[in-house]
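Student: Sequence:
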Amino acid sequence: MWADNETSEDLLGFKVHADLLINIINDESVLPITIGVFGDWGSGKSSILQLVKEEFDKDDDKDSLCIYFNGWAFEGYDDAKAALLNSILKELEDNKKISEEIKDTIKEKAKKLWKSIDWIRGAGMVMKNVALSAISAYFTGGLSLIPFAAQRLTEWGDNPEKIIEKLKSEEGQETFKAFIKESKEENKSSTNAVAEFRKDFAELLDATNFKRLIVIIDDLDRCSPERIIENLEAIKLFLNVPKTAFIIGADPRIVKYAIEHKYKNNKEIEEDNNRVVIDYLEKLIQLPYSLPRLSESEVETYISMLICKKEISDIKFKNVLDEFKKYRLTNKYSAFGLSNFEKILDAGEFEKVKDNVITIPSLVPLITNSLYGNPRQIKRFLNTYTIRKRLAEVASLQNFNDAILAKMMILEYSEPKLFKKLFEWQIVQDGLPKEVTKIEAMCKEKGIDDVISEIKNSDFKEWGKPKIIKWFQIEPLLSEVDLRDYYWIARDKLENSITAASMIPPVVRALFNELLPESMTASVTKSILIEKFQPFSNIEKDAFFSIMSSNLKRNPQQKRLYDIFNTMIESKIENTIYHYTEALKIISVSDIEPAVAIRLADFKSVSEIGDFLNNYFKDGKSKASKAYNLKK
241 MWADNETSED LLGFKVHADL LINIINDESV LPITIGVFGD WGSGKSSILQ
291 LVKEEFDKDD DKDSLCIYFN GWAFEGYDDA KAALLNSILK ELEDNKKISE
341 EIKDTIKEKA KKLWKSIDWI RGAGMVMKNV ALSAISAYFT GGLSLIPFAA
391 QRLTEWGDNP EKIIEKLKSE EGQETFKAFI KESKEENKSS TNAVAEFRKD
441 FAELLDATNF KRLIVIIDDL DRCSPERIIE NLEAIKLFLN VPKTAFIIGA
491 DPRIVKYAIE HKYKNNKEIE EDNNRVVIDY LEKLIQLPYS LPRLSESEVE
541 TYISMLICKK EISDIKFKNV LDEFKKYRLT NKYSAFGLSN FEKILDAGEF
591 EKVKDNVITI PSLVPLITNS LYGNPRQIKR FLNTYTIRKR LAEVASLQNF
641 NDAILAKMMI LEYSEPKLFK KLFEWQIVQD GLPKEVTKIE AMCKEKGIDD
691 VISEIKNSDF KEWGKPKIIK WFQIEPLLSE VDLRDYYWIA RDKLENSITA
741 ASMIPPVVRA LFNELLPESM TASVTKSILI EKFQPFSNIE KDAFFSIMSS
791 NLKRNPQQKR LYDIFNTMIE SKIENTIYHY TEALKIISVS DIEPAVAIRL
841 ADFKSVSEIG DFLNNYFKDG KSKASKAYNL KK
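Just so you know, we're using the numbering used here here: the sequence shown kicks off at 241 and counts up by one.
Do not take every clue at face value.
[Said to hold, decoys possible] Derived pair list, reagent style PhoX-like, types lysine-lysine, alpha-carbon separation capped at 25 Å:
{"hint": "1", "residue 1": "710", "residue 2": "696"}
{"hint": "2", "residue 1": "696", "residue 2": "686"}
{"hint": "3", "residue 1": "825", "residue 2": "661"}
{"hint": "4", "residue 1": "583", "residue 2": "293"}
{"hint": "5", "residue 1": "629", "residue 2": "594"}
{"hint": "6", "residue 1": "629", "residue 2": "686"}
{"hint": "7", "residue 1": "523", "residue 2": "558"}
{"hint": "8", "residue 1": "352", "residue 2": "293"}
[As the list claims (entries may be wrong)] FRET-style restraints, in silico, Cβ to Cβ:
{"hint": "9", "residue 1": "515", "residue 2": "558", "range": "33 to 43 Å"}
{"hint": "10", "residue 1": "623", "residue 2": "854", "range": "35 to 45 Å"}
{"hint": "11", "residue 1": "440", "residue 2": "798", "range": "25 to 35 Å"}
{"hint": "12", "residue 1": "535", "residue 2": "559", "range": "22 to 32 Å"}
{"hint": "13", "residue 1": "260", "residue 2": "536", "range": "16 to 26 Å"}
Don't read these hints as lab results, they were simulated from the structure.
Keep in mind it's a predicted model, so treat the numbers as computed, not measured.
No residue lacks a Cβ here, since even glycine has one placed at the ideal position from N, Cα and C.
Could you build the full structure based on these sequences and the hints that come with them?
Tutor: Below is the structure:
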């Protein structure tokens, strides 16, 4: 089994990405800079950031101070901006790289900044209630109003907690609104307040004698939209001073969603929302760096290295890892696998690794295509594979073939609907479905285009996808294989696919939440689905269907979930009808509202779902059935 967390142990050959970021940051002429390390959920962003941190943390690097934060660390605070500033100051005061003789100087210079942070936090608590215009914040840098207004609060005394209590009152909020109005009129003064903070922070950095401060904020995309924006604005407004480099690890789609969320109720920018999102992102992040998906050779290398690490001692694996690093310096394109291990390991070790790695090369194209070169998905796939392999051993299953297990899991993972169809075929034919024999015969020694044409004109149209044809063609073939054992060890997944059991990617959850408002019209729903759902990978689409189906089963009276599914059918989104009907099979007709049934009656003439719905509502006794059958 393999732990699903970030590591500075580079099994992906990602050091080249880390080295590039380090090279950029070491160029003093580009500082200050904010870099966005962008990639899908599970693409390896965190591992790259760990490699960057490890390099800058080395004791012989006297010129650099690197601070690492997880974005989640600020999620529970009332003001993420203040929490971030607070954490950076604390690290600067306590970091082991800072000599004792200058720590007192740093602490003295930090006192003024600590006080400013207290006021930022206090003012921020009430800012949530005074509805500062988002458009004003965008075009004038609205956060600069906070320090100015905070200074005016000193008229109420010098105890922040008491002032905060007063601010919560109606009178206090009205007074603070007046301060905000005044701060708009005195914009120059408010700008000076931010400039003063930046000046003090820059002087503090000078006192440390470091040439560069690197602040890494990882997993920002797991924060709420409000926290994402607060952290980015804190960097832009308060911390973007000479000698600083900020590295943000995130899925760019989540960051864009957070920006959209910030301005969702602003009529002034509604018409050009996409342009505002792009402009805002460009202002906050100067250098976006997008990670590529793993190639087939990189996937083969990654799986081989993971298995090798599991099968041999840590000391021996260090030798393998060192050789891999040398290999990557001269060969960026080829896989590092069994042929390389044989030169490094002794005979016994090599045979142990070989037994587990031998089936990989033939399956790599399918794994890469099905899992979209995503390291986290690959690791989860291997963990599930390992569990099932062990279950087969414990259950003493005879003639069990690990390669067939892996092949069946690829179908399960990438095409859960077809995986279930194959299950239905084999269960009534004692594990030997004749349909598999027929399809394999069609696929034999033919080009993809010829096979697609033949399958499209057969009873197996839904199997006529290029990746499924390749799946049938690759060894081992299944026509003479009893599939019952392979479905027996996967029986816990027959209702819920692997992806359904996995953690839902943040970008999928964000889309689900965005679509939930009951007031959203069908046209807006369709527009969002086309813009955001359609570009999803198959894994993300399956995850979206999973969260939709599971919520519908738990909340069968939530009309909005039916509305989303209905719009997806009308938008002709692939696999919608399958997931919709599978969910409806679990729901009692008596739990469905008549209004939902009337809407479903619109699909009576849709061939793929009409017969199912007519049968589903045929009892005629429930209110939903009566409503459905009334509509012609």
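Student: The structure should be examined with respect to each hint, and the outcome stated for every one.
Tutor: Hints versus structure:
1. 710 - 696: Holds, because 15 Å separates the two Cα atoms, which is no more than 25 Å.
2. 696 - 686: Roughly 15 Å separates the two Cα atoms, so the pair holds.
3. 825 - 661: 16 Å, holds
4. 583 - 293: This hinted pair is violated, its Cα atoms lying about 32 Å apart.
5. 629 - 594: 16 Å, holds
6. 629 - 686: Not satisfied, since the Cα-Cα distance of roughly 33 Å exceeds 25 Å.
7. 523 - 558: 43 Å, violated
8. 352 - 293: Roughly 29 Å between the alpha carbons, so the hint for residue 352 and residue 293 is violated.
9. 515 - 558: 33 to 43 Å: 51 Å, violated
10. 623 - 854: 35 to 45 Å: 43 Å, holds
11. 440 - 798: 25 to 35 Å: 52 Å, violated
12. 535 - 559: 22 to 32 Å: Between residue 535 and residue 559, where Cβ atoms are some 25 Å apart, the hint holds.
13. 260 - 536: 16 to 26 Å: For residue 260 and residue 536 the Cβ distance comes to about 23 Å; the hint holds.
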